[in-house]
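Number of protein chains: 2
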Amino acid sequence: MKAEIISIGDELLLGQVIDTNSAWIGQELNKLGVHVHFKSTIGDSREILLKTLHESNERSDIIVMTGGLGPTKDDLTKHILCEFFETKLIQNEAVLKWVQSIFSKRNLPMLSSNNEQAMVPENCEVLWNRNGTAPGMYFLKNNKAFISMPGVPFEMKCIFEEEVIPKLQKQFLFPSIIHKTILTASIGESFLAKKIASIEDALPSNIKLAYLPSVGAVRLRLSAYGNDTNNYSEELNQIITSLYHCIGEYIYGEEDDTLPQVIGKLLNLNKKSLATAESCTGGYLAHLITSIPGSSAYYKGSILAYDNAIKENILHVNKDLLINHGAVSEACVKAMAMHCKDIMQTDYAIATSGVAGPSGGSIEKPVGTVWIAIATPTHCIAKVFNMGDHRGRTIERTALMGLDMLRKELISTK
Amino acid sequence: MKAEIISIGDELLLGQVIDTNSAWIGQELNKLGVHVHFKSTIGDSREILLKTLHESNERSDIIVMTGGLGPTKDDLTKHILCEFFETKLIQNEAVLKWVQSIFSKRNLPMLSSNNEQAMVPENCEVLWNRNGTAPGMYFLKNNKAFISMPGVPFEMKCIFEEEVIPKLQKQFLFPSIIHKTILTASIGESFLAKKIASIEDALPSNIKLAYLPSVGAVRLRLSAYGNDTNNYSEELNQIITSLYHCIGEYIYGEEDDTLPQVIGKLLNLNKKSLATAESCTGGYLAHLITSIPGSSAYYKGSILAYDNAIKENILHVNKDLLINHGAVSEACVKAMAMHCKDIMQTDYAIATSGVAGPSGGSIEKPVGTVWIAIATPTHCIAKVFNMGDHRGRTIERTALMGLDMLRKELISTK
Chain A
1 MKAEIISIGD ELLLGQVIDT NSAWIGQELN KLGVHVHFKS TIGDSREILL KTLHESNERS
61 DIIVMTGGLG PTKDDLTKHI LCEFFETKLI QNEAVLKWVQ SIFSKRNLPM LSSNNEQAMV
121 PENCEVLWNR NGTAPGMYFL KNNKAFISMP GVPFEMKCIF EEEVIPKLQK QFLFPSIIHK
181 TILTASIGES FLAKKIASIE DALPSNIKLA YLPSVGAVRL RLSAYGNDTN NYSEELNQII
241 TSLYHCIGEY IYGEEDDTLP QVIGKLLNLN KKSLATAESC TGGYLAHLIT SIPGSSAYYK
301 GSILAYDNAI KENILHVNKD LLINHGAVSE ACVKAMAMHC KDIMQTDYAI ATSGVAGPSG
361 GSIEKPVGTV WIAIATPTHC IAKVFNMGDH RGRTIERTAL MGLDMLRKEL ISTK
Chain B
415 MKAEIISIGD ELLLGQVIDT NSAWIGQELN KLGVHVHFKS TIGDSREILL KTLHESNERS
475 DIIVMTGGLG PTKDDLTKHI LCEFFETKLI QNEAVLKWVQ SIFSKRNLPM LSSNNEQAMV
535 PENCEVLWNR NGTAPGMYFL KNNKAFISMP GVPFEMKCIF EEEVIPKLQK QFLFPSIIHK
595 TILTASIGES FLAKKIASIE DALPSNIKLA YLPSVGAVRL RLSAYGNDTN NYSEELNQII
655 TSLYHCIGEY IYGEEDDTLP QVIGKLLNLN KKSLATAESC TGGYLAHLIT SIPGSSAYYK
715 GSILAYDNAI KENILHVNKD LLINHGAVSE ACVKAMAMHC KDIMQTDYAI ATSGVAGPSG
775 GSIEKPVGTV WIAIATPTHC IAKVFNMGDH RGRTIERTAL MGLDMLRKEL ISTK
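Protein chains in written order, with my numbering: chain A, 1 to 414; chain B, 415 to 828.
Isolated chain A (complex conformation) (with noise of 0.2 Å):
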């Protein structure tokens, strides 16, 4: 059961809008067991989509089309797709009342354009738009289906949830396909790769993993392809397992869990406090940590000492500390974390302090040396790390190795 997607709109190729679209009908259909096999994306031309069509109607079993469905000129998904099925437009009187209920909800006049809305393929199946004008459409041929839907996308996964899914699920037998999710923090793709190496190489022909980093976290995605799906998911749990038992000390969460959200759990299940003392990461660490709805039941605040006098005065950090160690030390991460916790009367701290650069390196101290603290209710531990030297990635990794360092003593302390 072979799956292609087509977006369709000249702004999706001049790069002026991200497609969205295709990444969540990818999950959608993956989550059905439909391999998505290709993507592409196309203006709005009528030679092209039509070509596009006939390739789609070789290689794919399903072909979801996103775009081009507007009442606006350049919009011509619906007449090509007339042309493609060797059909024409007719007027459907539900849409019709469906879309003139809206303008008068709205108080707005129908425009000529706005009634084009109601014409559709004679051949298709309509897609009920319950957030907009347009109309999504189902056409079978030969056994293959052809949807076409908005690409506004608030309207197109209304329809796609409502209607497309039970529509496929009527008209195929779906595979299976089960996918585990394993996120790793505080450990680079190839160690990674290395320590899992024997895993990896054992792994039965029907499960693959893949790695997936970004900045500061890798995921580790195992997929089992087959029709057995308990047998399968017994396999992929083993698997799973042995990958705790050797790289369990770098595993945060598993599928969509985020480093905040996994501390956040932590904080909340101990009943436990944070707060931060933020130097070079300015304010990153607290935005993720308060990126979190409901954060504010254990997250206190932070003090953003950027300038040493604020270390001084409001974190209390000890103005002899600071001239003989220097801000970028273990001394006085130590102290922000510390005080900080007493300040705000937190349980935990994450403190912060580095040279983020481009500029403030030196020979001792070069740009990206940034020392991490974390104050627990018993003792005070900090790391001195290079994040290398590239701002926004320092800020970014320090924050994520700060939640890290953290969610390890939450864990040991439990």
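Worth double-checking, as some hints may not be accurate.
Computed list of lysine to any residue pairs in SDA-like fashion (alpha-carbon distance at most 25 Å, straight line) [stated by the list, open to error]:
id: 1; chain 1: A; residue 1: Lys31; chain 2: A; residue 2: Gln261
id: 2; chain 1: B; residue 1: Lys609; chain 2: B; residue 2: Tyr658
id: 3; chain 1: B; residue 1: Lys608; chain 2: A; residue 2: Phe103
id: 4; chain 1: A; residue 1: Lys31; chain 2: A; residue 2: Val152
id: 5; chain 1: A; residue 1: Lys157; chain 2: B; residue 2: Gly802
id: 6; chain 1: B; residue 1: Lys797; chain 2: B; residue 2: Asp734
id: 7; chain 1: B; residue 1: Lys609; chain 2: A; residue 2: Arg106
id: 8; chain 1: A; residue 1: Lys271; chain 2: B; residue 2: Gly774
id: 9; chain 1: B; residue 1: Lys779; chain 2: A; residue 2: Ser296
id: 10; chain 1: A; residue 1: Lys51; chain 2: B; residue 2: Glu461
In short, the hints are calculated from the structure, not lab data.
Please build the complex by placing chain B on the supplied structure of chain A, with the hints as guidance.
Just chain B now, kept in the frame of chain A:
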């Protein structure tokens, strides 16, 4: 001159990663005057990449590929390029030294898989990857350019800007296009369009205007097509002058300016300093300000008072005020800004307090209600907004609005 973009990686087809690269590359090629007529996304599969390469060779002059160049087993691009160009991999000494230097700088041992990064097809020109270990590759075949780059966005962008564009400009004769971009904040796309309708209607046929909206800002890009560059440049400047007359109050910069850069320049110019007191923005405002290299010259720090106790104890917001007016109020946000300015001993301060959601809203103060205050050397202003019901966008919009409010104060006191 036709270009196409091939994005390679199972994670793209599965929808686990949204392809932002191809939109960015599309924009860059478009700026050069190159028409991107097709984009495709394919998996890590030998057959499909080979087939796609043969097809692209038929239909395009410039073929830009991203992805599949990592050190792990599922990364196949390099091997398939050898097959397509009927060549073999050879070790590139310069790349090897570069990879080794990266590992030694970070005090990490080299693995044999890292050595692999220095193996490149014999017939390619190596494209320098300043931000990573996988080099890009540039191939010429029958006056067609094939470009292969890693999929990690910051690596790809740097290679494209520094290596690919100069090579393409040397190889091909591009039509002349001049682009000028002006940047607006605090006004929506349709309001902007209405305000500049008469300017837009009067544009000569060789000049096009594009609206590029993002959260909290709209970029207006003017593009002049033709051969008489000098003339067109003059014409563009006149239109931009009209735009300043018409919507000048909303324009915060041009080309690649960002709001944090612009306020940084204004503060430096006037030798003034800034601090922030954040609640609902949760550190994101500070993050935007500190993302600018050299921001420590004017930015002292932030107090993130997520918890009301921190507003009271560190920002000295009066307890009765908090009880009578609540944290999301004009009185509170003004107190936050003025006290922050005093505590941090700065000339200016920005304060934010709002209901980011998804919970915490009330009938009187629904989710999205945000107060922003600016304390200046002479006075303090505050405004209230409704930023909508999406937590992430409320945080982003509030931070940008705070910066734009500060910008207006800095300009008016110049």
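Where does the structure disagree with the numbered hints, that is, which hint numbers, in rising order?
none
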